[in-house]
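Protein chains in written order, with our numbering: chain A, 1 to 445; chain B, 1 to 278; chain C, 1 to 311.
These are calculated hints, taken from the structure and not from any lab test.
In this text, all values refer to a predicted model and were calculated from it rather than measured experimentally.
Some hints here could point you the wrong way.
Which residues of chain C face chain A? A few of them, derived with a C-beta cut under 8 Å, are [to be verified]:
(1) A59
(2) D60
(3) F273
(4) L276
Glycine included, every Cβ here is placed at the ideal spot set by N, Cα and C.
Listed below are the residues making up each chain.
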Amino acid sequence: MSTGRTRRSVLLAGIVALTTVTALAAGGCATGGTAAKPAPAVSTQDQVGGTVTVWSWDVAAKALKRLAPEFEKQHPGVKIDVVDIGYDNAYDKITVGLKSGSGLPDILQVEGPKMQSYLSSFPNGFYDLTALAGKDKGDFNAAAWRTGTDDSGKVFALPWDIGPCGLFYRTDVFKDAGVDPASIKTWDDYVAAGEQIKAKTGKKLLVIDPTKDSTFPTLLQQQGQRFFVDGKVAVNTPRAVKAMTVLKTLADKGLVDYEKGWDALVAATKDGKVATTPTAVWWSGTLSSEMAELKDKFAVAPLPAFEPGGTQTSNDGGSLLSISAQTKNSATAAAFMRFVLTDTGNQVSMLKNEGLFPAYMPALSDSYVTGPQDYYGGQTAFKTFADLAKSIPPVEYTGDNSKAADIIDQATAGVMQGGKDPKAALDSAAQQIASATGRQIVPGS
Amino acid sequence: MNAAASPRRLGRALVVLVLAAGAVVSVVPFYWMIVAATHSNSELFHSPPPFLPGGNLLRNLVALEDSIGFSRVMLNSLGIAVVYTLGSGLISAMCGYGLAKYRFRGRGLLLGLVLATMMVPFQVLLVPLFQMMASLGWVDSYQAVILPFLANSFGIFLMRQTFLAFPNELIESARIDGAGDLRTFYRIVLPSVRPQLGALAIFTFMSQWNAFLWPLLMLNSEDKYTAPVALYTLVGGTHVDYAGLILGSFLATLPLMVIFFLFQKQFVSGLLGGAVKG
Amino acid sequence: MSTDSLTSSPSVAAPEAALRRARPRVRITHWAFAGPAAALFVFFFAYPLGASLYQSFTADRAGVPTWVGFEQYQRMLHDPVFWKSLGNTGLLLVIQVPLMIVLALVLAGILNQSWLRFRSSWRIAYFLPSVTMLVAYAMVFKVLLKTDGGMVNQVLGWLGAQPVDWLNNPVWARVSLIASITWRWTGYNAVILLAGLQAIPKEQYEAASIDGAGPIRTFATIVAPQLRPVILFCSVTSTIGTLQLFDENLVLTRGGPDNATMTPVLYLYKIGFDQLDFGYASAIAWAVVLIIGVLSFLQFRFFGNAEREKR
């Protein structure tokens, strides 16, 4: 008796399973074919209301959680749900959501290079914000704005924070070595200063993690390019060779302290092993939170230039906010995004509380940004970065940035630690990138 | 007599020495976790890092509870792991019994499917499996974390091997006494493989407790996070709370240590009961 | 000598005749037992398995997956990183797995000595690494293996040795990977092997010692033959684990430097999730499945003779 029932229910389960599988397979094909459908655009007519979910991480998530209640107060009936999905695996989660066409929240935080790669692989994964926010273009940093637009100039994400680069240096070490920071105008000056510092104090000049290096791409962007130019591989251009040669010189003269991983980079600076850190403004947050005891010992200068009078900054890091095409509440999502990103007061508060340096330029003339910073012995460090931010060269990333970055990391390690010739190493990297991506190499390199 | 005993004693002392050295290598990282968990984040950035425990344990604990609701995510983890362990244990035992003691059409196919799921790198199944969960409307639910892996290939194999060695006479005699198949299974068969079930339970509990990638993908509310998922949010792009991370993962490892310590006899013999029959 | 006595449960495999007698008679409830698991497998994995297989024959063209036949598989044949990752896996299979199994055997042998005190404490100490959460494992190894000021290099320094660049040098990075996998899984395998040892009746050891056999002869004539199925189990699971290696090299080196610690599964993860090329990632995955299948089959053939005789 019981067996008959079991048999029938098992049969039933089998049928249910089979039909579901078939249905899902069909559904899978359908989502795979959405490419023909254009990306949806945010309507400015829709009512603001309901719940909006945001995926974010780290201090950025904290900032949103802090600002959300204010927005909810201004818009009764709205609920903003900020989820900290962690940084390390955030893109696993977002990628699975984009690839499967389901499961994404209304608003996503994405970093610049990743946004470009998503836009190329999932051109319909995000809301087209051109109509809504196109007019704001002039208010945002041009380099950051570029990372949120596709090649045709359509806007898919609004810049949040940026990472203008400068040179953090230890004032006490420079003094001991008798080096005047103002004398460092070019990378050649920088190397010379490094030699003097090493001779006088025994300290190295900078820390580099050659297996996950951000210095080489930073030096590239300083000269107005990253790994690709007009869709072609550009890692062995004369500019790229110049950048790699700077690294090789630093390495050959023994001015580099090699470390692995974020914690080691921080530790090396905390222990005073190195005199400078050429990096982005967010390093400031690390200094003040992990090295409070080194207060008044750091100052900030513009990056050394490649030739006298050249660009003295670059960009490293920075993220954007975008609206997922899967949202059902784009109007409210857009309203919240504007509330966070295009409001001077909120932007300044995020710099003050969470160390997020605004890409929204009106915020950069706020008195907090231009005023003296306590940690830097009263130097107007943020003003230095705010001024530098204006001259960050906008660059192209393409969807193959991370493929290229892996290959470049190997070239960098080969040059710095393996004694390889910069030009030869970059030529071979260019070949590898070209064959891995099916792209051409920029002619004349 | 004494002459013979002392070289042996010396040999044994040497063996214990080597054993102790190995144990130190095994345990040193845990010692370091205790050290790290009792210092402030900023102290950990010193190079060389501290070698002795510090006095920041309480503050780290409070901060951990504050930042990720540590006690709540531990309870979430516990609940999921217990439900998963019970459900998957029962299903593995039943399926293993069916595969070992019955011959039926589709048995080979079922075995093949079990094998295939064991061999396919899980990473490549993530997207289609996620798609299914989304179609079912299960995203951000515990059933999505638990159900897809409830039928556990390892467990099914372990139980199949166990039951292959189970004497048919016992089943036969129960049947002669008039017991139905299911009744025989629950009354006679299951109780006699308790050690193997215990071993399986420990194993599945551990794997679910430490599971990271799938829960990360499925859970979208911070108050539903499991301990590993919540702990990973302490790793930021430009800021990492190492002290909290290490304290949290040390505390999250403790329950597993306790379970292994209490049930290690069962774990060993139960695992073996299935394993040797490979 | 049959291997049946190895099992810790008192039961003995039923004779073939009894099995044959028992099986045809009861057919009604087999799906009641196997059904739930079968339904779960079919329901949850038929589609993902099929979808990933299908995906391995596609490539993204302007965001649209397009059927490309065997193109991804051909691409794999000419991909130096894929071959390097296979080579690394081969190296691990040849060096790490045997090393770990031998260490585990020795450890199990020591832990099985009746004169040893605090046996369960030793056991838990050695088992501990396998229950560590991945995130803690990553932290701990970075601190241990840091070139400058890492614990291992400090100890080497006391012994007068030069610091070693554990994670940035291709050779040492492989050594670090081998050491860390061995650290994590030796105790686990030892515990399983120990169970096998404990199932060998004490009388057999006594008989051997009366015959005047030393420890090596005892091992060769009594322990090794009876432990064979357990060793097989450990090596098959370790082989599958090695071929699917992902966690350890992800957290230690991310496959670097210069792909010296890249493995196929880490590579396919990078291809899929970093580079968003899911077609190629699936093709690599199915190549891994094929390799695992062949290797497991060979291992059973090679080590599993005793098993076949038994059946």
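Evaluation of the provided hints:
Hint on C/A59 is violated. Least Cβ distance to chain A is approximately 11 Å, over the 8 Å limit. Hint status for C/D60: holds, given a least beta-carbon distance of 7 Å to chain A, under 8 Å. Here the hint on C/F273 is kept, as its CB sits about 5 Å from the closest CB of chain A, short of 8 Å. For C/L276, the interface hint holds, the least distance from its beta-carbon to any beta-carbon of chain A being 4 Å, beneath 8 Å.
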